[in-house]
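Chemist: With the hints as extra help, turn the sequences into a complete structure.
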Amino acid sequence: MPDDGDYRITMENINKTFPGVKALDNVSLNVKAGEVHGLVGENGAGKSTLIKILMGAYTKDPDSGDIKIKGEKVDIDHPLQALEYGMAAVYQHMKIAPELSVAENIFLGRQPRSRGLIKWNEMNERAGEILEELNMGQIDPRQKLRELSNVKKRMVAIAKAISQDVDIIIFDEPTAQLAEEETEQLHEHIRELSERDISVIYISHRLDEVFEICDRVSVLRDGRLVITKNIEDLTEDDLIEHMVGREVGDLYYKEDIEFGDVILEVEDLKREPDVADVNFELREGEVLGIFGLVGSGRTELVKTLFGVHEKDEGKIIINGEEVDIKSPFKAIDEGMAFIPEDRHSEGVALTQTVSDNCNLVRSLLQSNYGILNRSEEEKIARENVEDLDIRTPSIFQKLRYLSGGNQQKVVVAKWINANSEIILMDEPTVGIDVGAKKEIYKLMAELLKQGKAIIFISSYIPELLGICDKIITLSDGRMTGIKQAEEATQEDLLYLATR
Amino acid sequence: MLEKLREFYGRHTQRITFLIILLILWTLFSLFIPRFFSYANFFNLARRTAIVGIVSIGMTIVLISQGVDLSVGSYVAVSGVLVGSFLTGARGFPELPIPLAILATILVLSFLGFIVGFSIHDLKVPSFVAGLGMMSIARGLAMVLSGGRIITGLPREFTGFARMEFLGMPALFIVLLVILLGGGFLMSRTKFGRNVYTMGSSKEVARLSGINLRINTYAIYILNAILSAIAGMLLAARLSSGIPSEGVMMELDAIAASIIGGTGLSGGEGSVYGTLMGAFLIGSLQNAGNLMGLDPFYLQIVTGVVIIVAVALDQMRSQQEA
Chain V
1 MPDDGDYRIT MENINKTFPG VKALDNVSLN VKAGEVHGLV GENGAGKSTL IKILMGAYTK
61 DPDSGDIKIK GEKVDIDHPL QALEYGMAAV YQHMKIAPEL SVAENIFLGR QPRSRGLIKW
121 NEMNERAGEI LEELNMGQID PRQKLRELSN VKKRMVAIAK AISQDVDIII FDEPTAQLAE
181 EETEQLHEHI RELSERDISV IYISHRLDEV FEICDRVSVL RDGRLVITKN IEDLTEDDLI
241 EHMVGREVGD LYYKEDIEFG DVILEVEDLK REPDVADVNF ELREGEVLGI FGLVGSGRTE
301 LVKTLFGVHE KDEGKIIING EEVDIKSPFK AIDEGMAFIP EDRHSEGVAL TQTVSDNCNL
361 VRSLLQSNYG ILNRSEEEKI ARENVEDLDI RTPSIFQKLR YLSGGNQQKV VVAKWINANS
421 EIILMDEPTV GIDVGAKKEI YKLMAELLKQ GKAIIFISSY IPELLGICDK IITLSDGRMT
481 GIKQAEEATQ EDLLYLATR
Chain P
1 MLEKLREFYG RHTQRITFLI ILLILWTLFS LFIPRFFSYA NFFNLARRTA IVGIVSIGMT
61 IVLISQGVDL SVGSYVAVSG VLVGSFLTGA RGFPELPIPL AILATILVLS FLGFIVGFSI
121 HDLKVPSFVA GLGMMSIARG LAMVLSGGRI ITGLPREFTG FARMEFLGMP ALFIVLLVIL
181 LGGGFLMSRT KFGRNVYTMG SSKEVARLSG INLRINTYAI YILNAILSAI AGMLLAARLS
241 SGIPSEGVMM ELDAIAASII GGTGLSGGEG SVYGTLMGAF LIGSLQNAGN LMGLDPFYLQ
301 IVTGVVIIVA VALDQMRSQQ EA
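Protein sequences, first through last, are from chains V and P. Position 396 of the first sequence, counted from 1, bears residue number 396 in our numbering, the numbering being contiguous throughout. Position 159 of the second sequence, counted from 1, bears residue number 159 in our numbering, the numbering being contiguous throughout.
Just so you know, these hints were derived from the structure itself, not from any lab. Predicted, not measured: the structure shown is a model, and the values here were computed from it. By construction, the Cβ of each residue, glycine as well, lies at the ideal position given by its N, Cα and C atoms. Treat the hints with care, since some could be wrong.
Computed from the model, here is a short list of chain V residues facing chain P with C-beta under 7 Å [what the hints assert, rightly or not]:
#1 Leu350
#2 Ser363
#3 Ile371
Just the calculated beta-carbon pair ranges, DEER-fashion [to be verified]:
#4 Arg6/P / Thr235/V: 47 to 55 Å
#5 Ile16/P / Lys379/V: 20 to 28 Å
#6 Gly451/V / Leu123/P: 38 to 46 Å
#7 Glu7/P / Glu383/V: 15 to 23 Å
#8 Lys379/V / Ile20/P: 31 to 39 Å
#9 Gly182/P / Tyr401/V: 49 to 57 Å
#10 Leu123/P / Glu272/V: 19 to 27 Å
#11 Gly451/V / Phe118/P: 42 to 50 Å
Modeler: Right, here's the structure in full:
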């Protein structure tokens, strides 16, 4: 547990101005020795900027106060220098070499050598010792990083940091792609770090995590520090209020909507090796949740429904008629939409404008001799921007310059314009902030009221319980259960998903 | 009105800036190089740029789709040989009237383009490699079909086209303009164009949005082959012969014109209008150099420098934006 000794890190009155934007305004942050310090705030609140200044990736404005590490005033202007002061960071998108082994990654750039040749045995042995000491003995130092699960990759990053005699580790959204179980494993390792008197700065969008492992928490909003408090003195509602600057009420949003006809039936759907025994019905106005750990086949299931993969057996029945879906185009033609997990590589065309992205699917469904009706498209895009509150300077802005939440809204707009009836959503709220999440939920309610139906994948059980009507569980490629959301509990679902 | 103008500039900043640079360059050349600013010289410049310009437009479309096609230079050669052979009935070819000879050449080249598209989409060969393979296949074909010799004796009605002029402009340049406007319309106003941009941005996004990757990939490479065929036939008309060794390194000129004109190698961005300006920039530099009596080998060096500088400037600009 942390002692109340001197601060290990003090950042005083830090300012940072980008052209036209004050990204940080007099922000002060203190981190004690051996504590887990949560850093929360909505997207654009300044968390990353603050950390980048600490790590030397950005320079602070000259009118800022000092940064002190262990009482010593420092001027860090290069990330390598941060390492000299004992700081390392584990990022959401890991900077690792996937084709190199665990040991090579740990010792990258400082492999034990003799006469220019790497001493492989010594390196592997030492890596093994480090992993063993950190209770990560199940990781083989000779394995390629690519072959490891996401959580093990992060453990390797931790091991690498520890082996460099680091006493401050920064985690930036470390659990973004982890399943519940893996998140817990990672948290255990973080607690161990704290016992070793290592200070941890923990950035996360998931407030339950913050409450689970942080000792103190600092909230940033619009570039200003709102509070720093002991976690015991805060409730989840307080924290959200500080982050958003107003009361948001419930985290989730769901309206009572009367169900219509059965729109989709799935019978004994099977696709080797990831999908088997899947049976469910979906009605107009209904949200079906899918819960499963990473690797349970949940993404493969929706991709099979959407025609990305061909099914081996079973029936897909839409509006009472069996359909044979062999390609995404056929699925779209049958009224399906798919909002994928990885927005950047599967959801939006980053080099294209808001207008192009909004109209992409809609125009494919119309013939018009292959010619686009630009003025109609621009009108529709303007309506989308208005209705969904997409924050963009113009409908001709390229998608890559929009924030994650706004990009996600464009993906939703794309399918609304295509008039899809059944909307498949794979982790649609990952990596977007609390306010934008709620807007997505509200949008879902709007669609449901129009008689559409939604299939919603999430690895976060409270979210599923908050917005779904019923939830199916997947484990190891099979469907293991179906529960009404009102009756289900966190334990039930976890039990079913690990069966 | 001013608002509209500003929005237009915002959307086309890069191309407008480029056009201004090109105009400044022409002004400088006109001031300091005698004979540069003359009808005869611009006529010459337009005619020279036409053929590589047409090839570059095809290349731009391929680059926007995040591919590259190295076979265009060889396509130009084989098209010249084919049309020459069909027109003269050389080496056992059937002697065809001009429209049929042109059509037959386009059909053969479409088939070659199809093979490239098929290799890329169905056989999963990277476009660089597929193009490298076709570059060799088409060059070999040009040599085999012609027996390695220049095909001469093309009918005057065919070769005469290259010397014709309309509205004071060379006919070759008119063809380029028609293709440019057609290409511009295709890329910005049709589903096909948007499909190409989307595929260039991310193949997976395109597939999950219902775009048929197979058909569109075939179409892109067939279209590129057809444009090269047109360029090859125009070149044959201009040289009054089908030359199997023509078009060497033309793929590099086409890529250079595209990237100077703002089309990236990472796909999803670029325009055929930019490419035309890129082609004119290279053409003008070479033309100015010739007029000043500079050694053409130096010109090659200058062209290389321009390519790197143009792309470096563009990188700086996009980093500022981000």
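Chemist: Hint by hint, say whether it matches the structure.
Modeler: Consistency of the hints with the structure:
A least Cβ separation of about 6 Å between Leu350/V and chain P falls short of the 7 Å threshold, and the interface hint therefore holds. For Ser363/V, the shortest C-beta to C-beta distance to chain P is roughly 6 Å, which falls under 7 Å, so the interface hint holds. For Ile371/V, the suggested interface contact is upheld, since its CB lies about 5 Å from the closest CB of chain P, less than 7 Å. Taken as a hint, the range 47 to 55 Å holds for the pair Arg6/P and Thr235/V, whose Cβ atoms sit roughly 49 Å apart.
For Ile16/P paired with Lys379/V, a C-beta distance near 26 Å keeps the hint of 20 to 28 Å intact. In this structure the hint that Gly451/V and Leu123/P lie 38 to 46 Å apart at CB holds, the actual value being about 45 Å. Here the CB-CB span from Glu7/P to Glu383/V is close to 18 Å, well matched to the stated 15 to 23 Å. One distance hint, 31 to 39 Å for the beta-carbon pair Lys379/V and Ile20/P, holds here, with the actual separation near 32 Å.
Taking the beta carbon of each, Gly182/P and Tyr401/V are about 31 Å apart, not inside 49 to 57 Å as hinted. Separated by about 25 Å at the C-beta atoms, Leu123/P and Glu272/V satisfy the suggested range of 19 to 27 Å. Checking the proposed 42 to 50 Å range against Gly451/V and Phe118/P shows it holds: the Cβ atoms sit about 43 Å from each other.
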